[in-house]
Amino acid sequence: MSETLSVIVEREMPFPPEKIWRALTQPHLIAEWLMKNDFEPVVGRRFNLRGEWGGVLDCEVRAVEPHKTLSYTWNFAHDDAAYNLQSVVTFTLTPTGAGTRLRMEQTGFRPNQKQAYGGAKAGWPQFFERLEHVLARTD
Amino acid sequence: MPKAHDALFRTLADPTRRAIFERLCREGEQTVGALTARAGVSQPAVSKHLGVLRKAGLVRDRHEGRQTHYRAQIGALAPLIDWTSQMADFWRSRFDNLEDLLKRMDQ
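Read top to bottom, the protein sequences are chains E and H. Once you know that position 67 of the first sequence is 67 in my numbering, the rest is easy, because the numbers rise by one and skip nothing. Once you know that position 66 of the second sequence is 205 in my numbering, the rest is easy, because the numbers rise by one and skip nothing.
Next up, chain E with everything else stripped away, as it sits in the complex (with noise of 0.2 Å):
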């Protein structure tokens, strides 16, 4: 994992985790809110995202867990390998007071940039972990 990239998104939603868990997990709900989608919540279960631009992501179920946790891969192929990505999403539902705190956290890498990732392991990590904090403060 020290190889890879993540980005992580959380919100606290006034809604229950059922509700919530309904939304990521019916193919006509992920319609509404995510993309098109022949999805099955089954651990294996292969399926794609389509997004309006036409692009097309190749999917694999990796983790059900009736409303806590779903994890699928998240891959993107594509001709010109700067946008190739490698991926996978997890949300993590927790309940709160108030509603849920739903976490989306996304793990991957650029595939073209896998070589140079693992020639240089040892000084990546705590590379990125400080590029990280720099960026924060000029921005």
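These aren't lab readings, by the way, just hints derived from the structure by calculation. C-beta atoms are modelled at their ideal positions from N, C-alpha and C, and glycine is treated no differently. Among the clues, some could well be false.
Sample of chain H residues at the chain E side, in silico, Cβ under 10 Å [to be verified]: (1) Ala227; (2) Arg233; (3) Phe234; (4) Glu238; (5) Leu241.
Chain E is fixed; fit chain H onto it per the hints.
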């Protein structure tokens, strides 16, 4: 773009070079002499590293009298972190959609 990524990764894969770049990020503009004092390598070696960093667009030089000052160009790293910032924007807007949907949904 992929070529630009490769160049950046190759440039920063060298630990001495990366340390020089990090110091310029943290401490701001410095002369070759000041960088050499703490780099643990000779001045010609530091100059050579700075040349490679400059070619990759990671540092910029400025001449003042007989001194050359170097400073980091943090913006050059944008291609490396791009997908994460793009995805963060993407997910924030999708979370907005999700909240709208949840308001419309029956219990």
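Okay, the hints, checked on the actual structure:
At about 5 Å, the closest approach between the beta carbon of Ala227(H) and any beta carbon in chain E falls short of 10 Å, and the interface hint on this residue holds. About 6 Å separates the beta-carbon of Arg233(H) from the nearest beta-carbon of chain E, less than 10 Å, and the hint is met. For Phe234(H), the suggested interface contact is upheld, since its CB lies about 5 Å from the closest CB of chain E, less than 10 Å. Because the beta carbon of Glu238(H) sits about 6 Å from the nearest beta carbon in chain E, less than 10 Å, this interface hint is met.
For Leu241(H), the suggested interface contact is upheld, since its CB lies about 5 Å from the closest CB of chain E, less than 10 Å.
Of the hints listed earlier, there is not a single one the structure fails to meet.
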